[in-house]
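Engineer: Chain by chain, the residues run as shown.
Number of protein chains: 2
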Amino acid sequence: MSAKDVYESFHIYDTTLRDGSQQEGLSLAVADKLAIARHLDALGVGFIEGGWPGAVPKDTEFFRRAQTELDLKHAQLAAFGKTRRTGVKAADDPLVAALRESGAPIVTLVAKSHVRHVDLALRTTLEENLAMIRDTVEHLHAEGRRVFLDAEHFFDGYLADPAYALECLRTAAEAGADVAVLCDTNGGMLPTQLADIVHEVREASGTRIGIHTHDDAACAVANALAAVDAGATHVQGTANGYGERSGNANLFSVVANLQLKLGREVIPPAGLAEMTRIAHAVAEVTNLAPNPQAPYVGVSAFAHKAGLHASAVRVDPDLYQHIDPQLVGNDMRMLVSEMAGRASIELKGRELGFDLSADPDTLARVTNRVKELEAQGYSFEAADASFELLLRGELGGAPVRFFEVLSWRTFADRLADGLVVNQATVKLRVKGEEVLAAGEGNGPVNALDNALRAALAAAYPALAGLELMDYKVRILTGDHGTASRTRVLITTSDGVAEWSTVGVDENVITASWQALVDAVTFGLLAKGETVV
Amino acid sequence: MSAKDVYESFHIYDTTLRDGSQQEGLSLAVADKLAIARHLDALGVGFIEGGWPGAVPKDTEFFRRAQTELDLKHAQLAAFGKTRRTGVKAADDPLVAALRESGAPIVTLVAKSHVRHVDLALRTTLEENLAMIRDTVEHLHAEGRRVFLDAEHFFDGYLADPAYALECLRTAAEAGADVAVLCDTNGGMLPTQLADIVHEVREASGTRIGIHTHDDAACAVANALAAVDAGATHVQGTANGYGERSGNANLFSVVANLQLKLGREVIPPAGLAEMTRIAHAVAEVTNLAPNPQAPYVGVSAFAHKAGLHASAVRVDPDLYQHIDPQLVGNDMRMLVSEMAGRASIELKGRELGFDLSADPDTLARVTNRVKELEAQGYSFEAADASFELLLRGELGGAPVRFFEVLSWRTFADRLADGLVVNQATVKLRVKGEEVLAAGEGNGPVNALDNALRAALAAAYPALAGLELMDYKVRILTGDHGTASRTRVLITTSDGVAEWSTVGVDENVITASWQALVDAVTFGLLAKGETVV
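Residue numbers (the numbering used here), protein chains in the order written: chain A, 1 to 532; chain B, 1 to 532.
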């Protein structure tokens, strides 16, 4: 089959830009939507629902800009909209006109299929609802658009009145709709019952069936798979499972399950191997922290901490993985943790290029030091660079240090005119010289970071290319009356590689300073500087 | 049936304290474990697995302290451990002794049931593995312990060599084990195949079957339900789905699905109604941010943002909810958002006690103001108090203000002796008087917060009881070359109620200051103070 046939024989339909953006805390600008569409196209989905032109001004704009700014390789764009209003002709409804004029080759029409919703939400008769479906589908079909029907609240509707729910699907199909998408809008279905209904509907309606699920019962992905098992050949979902309430079916999990476990090629394998990168790139655009536990694509998805496992993983990694993480562009990781013990510290060392197996004393010393620091609140699981500095310090017999800290100060002033100024001073001893430097920034740590680099700039010009990429603060609540501590994680980049460092202290600025010093020290090591 | 019969006829078995604590970033002190056990007991689970005494010192300590410090109403404690080592008697294995001496009435033994794991990880013969199972179960059973068997990697093992996998279960049952728990250790199973295997195993083994699933294929909960459908009457899972890699089956989702959708009473209904509170209380102990999207118990689980829905929700909430959120102690919420439009702002206003339906001008003004601020990076979805201040400001024709800010300064000094000091000064005009006050803290914002309250203390003594509960910082990346902004969310408590406020600025301290001022202003309003 050609790629095009693959996409047509089984539809992977992404609705991140429409239904996904209903998630609490998620708000996408038009530029964000265009960026996400490009990522989804790179993954290789067949269809991208861009939004609701006419109803949401941002979405009208998205479809306008898409015509010149989006050069999709795989995917086709779909415009989402609803059936015509009651009592008007489809051709005269301005919202239907907006769909027609969006430039999208596909229109996905949402329609009521639940008798109570027709009555209470739409406030019309069952006959008029059917006419609205028929007219709108016929009109758009006659205008040359391909039409998919989203049957909203379908499963609840089918349980309430199966004959009417089916009649909605048949009406759409007779009017020219290509797919009837059964939507579990409230997300409450469980797989067994859902599969039975899909099976019945497929037999009774004679149309191509699609499935749209939500995770309110923690079964969105399983429900999508159950529907496919019962004959659905069109699956809707969203990147990273974004969506209202508990989210939509995570399209990444659905695709990986279909392709790697059920043997259906639904996207190009090359796209699948990019899935982890794409999941994180989309999260970057949405500005929501990626879920580390996300199946297949999360940073923890193939991370092992248990001491019990860590020793066996050395023997054969496949014994402890449900798939080869490379297939989805992810990696196995060993976590350094108090739970893990020596076996995982040894493995982690090997990952960083140090063979500790021949040196049990150092291994024991490093393990104890990690346990001691973790008891204070440090966490090396997400701070590889700080762990490597610790390891090198233990191997070398002294901490890795390029400079001595004499003092620092950082402050924010809100002046009488309302202007706020952040400045910092840092005094170091570098290569035998005392250096005092100042920096400013948009916060006290940013000012301190700039002052630190300024103090090191003359002695270490290589530091100029470093950039602070991410800064995370966690309050660790105190146990047994001790004061609460703050853990700071910093990610730094030199334009090629990224590394993460950690600092812990009761004082957030002190913790930040530790992480900054580790970040710069690791950067100097990476540039090949030698400790003086 | 009595409560005890309920728990015995269907086992809800929690393994948060053992398998859940394998999650990356999760580390529980003994006091944390005791606290979580109390929360799970309040929920009404039948069994709590406390850890691995003998192997993990913290867990040995947990079982020791549990005997005097835990007064469980519903649950029984289980100690986790493994079958005896190769070549020794069970009675002589110190790890088996630790299980015997833990004081737990139940011992859950993990055993290999996969031929390749016996060979490569255990490095022994298939016969010796069976002997290890038989001897350890017999010994503990003879010592008066109730024994459950966790058959590790069972499904992969059954697919590799079904006869041997079954033989492991039969051996355990003959030796006195009460339940054979089939573990999908690597988490890669899908519901249909898993259900088929559970069905076959139940017929062939004749023992009581339990199920233990992981979420690597996003099907942990569905897999647990599929196993129950196929005859399993013992389900293992963890609070909030904590666990290694993508986590374990979320026990809260499993229980709610079983009880509310499948009609099985597996915990007391009073416990179910506490589930949302308990889920958040456990998250508080683990110090992991609760997942807002968590099914049933997440703060977003019943939150509506879509304009399309918001207007219909007013007609009949049940049309848009899969269950009544009260059943699990959760609530429907309306979100204020640019997507939502007037209908949701009106609903939100009503939730706060303001009827905007009669005042379309104000409604339009508030809606526009919210859209304008959201475009700048504000988010009112998680900042009810800031939204209420905005609303009251628009209704009253002027911002709600109890004081005028003249200037402030906050700084951190690292002195030559290594000591770090944070201090702040704040100058306000309060009730006509200029007030200058100082504060110190463990960071610049904490110092500023203390200085602000100090400046207000004389005029408003009611502020003394306020406490800053949570402080969150989000970097919002800039769009189209604008500078990045920082959003700060602050949660404040007066010991009874909690409220959240938001601030946005390029400078993190300025953003924090805005949120602090809103927090204090809302606190004064709540105390019944009148704006002067």
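Keep in mind that the hints were calculated from the coordinates and are not lab data.
Possibly wrong hints are sitting among the right ones.
In this list, chains with the same sequence are indistinguishable; a pair is considered to hold if it fits within one copy or across any two.
[Claimed, not checked] Derived pair list, reagent style SDA-like, types lysine to any residue, alpha-carbon separation capped at 25 Å:
| id | residue 1 | residue 2 |
| --- | --- | --- |
| 1 | 73 | 389 |
| 2 | 472 | 331 |
| 3 | 431 | 530 |
| 4 | 431 | 360 |
| 5 | 58 | 27 |
| 6 | 472 | 506 |
| 7 | 58 | 461 |
| 8 | 472 | 441 |
| 9 | 472 | 418 |
| 10 | 58 | 87 |
| 11 | 371 | 98 |
| 12 | 73 | 91 |
| 13 | 73 | 9 |
| 14 | 371 | 126 |
| 15 | 261 | 319 |
| 16 | 261 | 506 |
| 17 | 89 | 141 |
| 18 | 58 | 373 |
| 19 | 371 | 284 |
| 20 | 427 | 393 |
| 21 | 58 | 364 |
| 22 | 261 | 229 |
| 23 | 371 | 30 |
| 24 | 527 | 401 |
| 25 | 73 | 270 |
| 26 | 371 | 29 |
| 27 | 472 | 420 |
| 28 | 371 | 65 |
| 29 | 73 | 365 |
Engineer: Compare the structure with each hint and give your call.
Structural biologist: Evaluation of the provided hints:
1. In this assembly of identical chains, residue 73 and residue 389 lie within 25 Å of each other by CA distance neither inside one copy nor across copies; the values are 45 Å within and 49 Å between.
2. For a Cα distance limit of 25 Å, the shortest separation of residue 472 from residue 331 inside one copy, 23 Å, qualifies, whereas the shortest one across copies, 30 Å, does not.
3. Taking the closest pair of Cα atoms, residue 431 and residue 530 come within 25 Å of each other only inside a single copy of the chain (11 Å); across copies the shortest separation is 62 Å, beyond that limit.
4. In this assembly of identical chains, residue 431 and residue 360 lie within 25 Å of each other by CA distance neither inside one copy nor across copies; the values are 35 Å within and 70 Å between.
5. Taking the shortest Cα distances, residue 58 and residue 27 sit within 25 Å of each other inside one copy (11 Å), while across copies they are farther apart (44 Å).
6. Within a single copy, residue 472 and residue 506 get their C-alpha atoms as close as 15 Å, and across copies as close as 17 Å, so both meet the 25 Å cut-off.
7. Taking the closest pair of Cα atoms, residue 58 and residue 461 never come within 25 Å of each other, the shortest separation being 45 Å inside a single copy and 48 Å across copies.
8. Proximity of residue 472 and residue 441 under a CA criterion of 25 Å is satisfied in both settings, with 17 Å inside one chain copy and 20 Å between copies.
9. Taking CA atoms no more than 25 Å apart as the test, residue 472 paired with residue 418 passes between copies only; the shortest distance there is 24 Å, against 28 Å inside one copy.
10. Taking the shortest Cα distances, residue 58 and residue 87 never come within 25 Å of each other, neither inside one copy (28 Å) nor across copies (71 Å).
11. In this homomeric assembly, residue 371 and residue 98 come within 25 Å of each other (Cα to Cα) only across copies, at 23 Å, whereas the closest approach inside a single copy is 62 Å.
12. Proximity of residue 73 and residue 91 under a CA criterion of 25 Å is satisfied in neither setting, with 32 Å inside one chain copy and 66 Å between copies.
13. Proximity of residue 73 and residue 9 under a CA criterion of 25 Å is satisfied intra-copy only: 18 Å inside one chain copy versus 56 Å between copies.
14. When the C-alpha separation of residue 371 and residue 126 is checked against a cutoff of 25 Å, the pair qualifies neither within a copy, at 67 Å, nor between copies, at 37 Å.
15. Taking identical chains as interchangeable, the C-alpha atoms of residue 261 and residue 319 lie at most 25 Å apart only when both belong to the same chain, with a minimum of 17 Å there against 36 Å between chains.
16. Taking the shortest Cα distances, residue 261 and residue 506 never come within 25 Å of each other, neither inside one copy (48 Å) nor across copies (47 Å).
17. For a Cα distance limit of 25 Å, the shortest separation of residue 89 from residue 141 inside one copy, 15 Å, qualifies, whereas the shortest one across copies, 77 Å, does not.
18. Within a single copy, residue 58 and residue 373 get their C-alpha atoms only as close as 49 Å, which misses the 25 Å cut-off; across copies the closest is 17 Å, which meets it.
19. In this assembly of identical chains, the alpha carbons of residue 371 and residue 284 lie at most 25 Å apart only when taken from different copies (23 Å versus 33 Å within one copy).
20. For the homomeric pair residue 427 and residue 393, the shortest alpha-carbon distance inside one copy (24 Å) is at most 25 Å, but the shortest distance between copies (47 Å) is not.
21. Taking identical chains as interchangeable, the C-alpha atoms of residue 58 and residue 364 lie at most 25 Å apart only when they sit on different chains, with a minimum of 19 Å there against 59 Å within one chain.
22. In this homomeric assembly, residue 261 and residue 229 come within 25 Å of each other (Cα to Cα) both inside a single copy, at 13 Å, and across copies, at 22 Å.
23. Within a single copy, residue 371 and residue 30 get their C-alpha atoms only as close as 48 Å, which misses the 25 Å cut-off; across copies the closest is 15 Å, which meets it.
24. In this homomeric assembly, residue 527 and residue 401 come within 25 Å of each other (Cα to Cα) only inside a single copy, at 14 Å, whereas the closest approach across copies is 54 Å.
25. Only within a single protomer do residue 73 and residue 270 lie at most 25 Å apart by alpha-carbon distance; the minimum there is 13 Å, versus 55 Å between protomers.
26. Proximity of residue 371 to residue 29 under the C-alpha cut-off of 25 Å is restricted to the inter-copy arrangement: shortest distance 13 Å between copies versus 45 Å within a copy.
27. In this homomeric assembly, residue 472 and residue 420 come within 25 Å of each other (Cα to Cα) both inside a single copy, at 23 Å, and across copies, at 21 Å.
28. Proximity of residue 371 and residue 65 under a CA criterion of 25 Å is satisfied inter-copy only: 22 Å between copies versus 54 Å inside one chain copy.
29. Taking the shortest alpha-carbon separations for residue 73 and residue 365, neither the intra-copy value of 54 Å nor the inter-copy value of 44 Å comes in at or below 25 Å.
Comparing the model with each earlier hint shows violations of hints 1, 4, 7, 10, 12, 14, 16 and 29; every other hint is respected.
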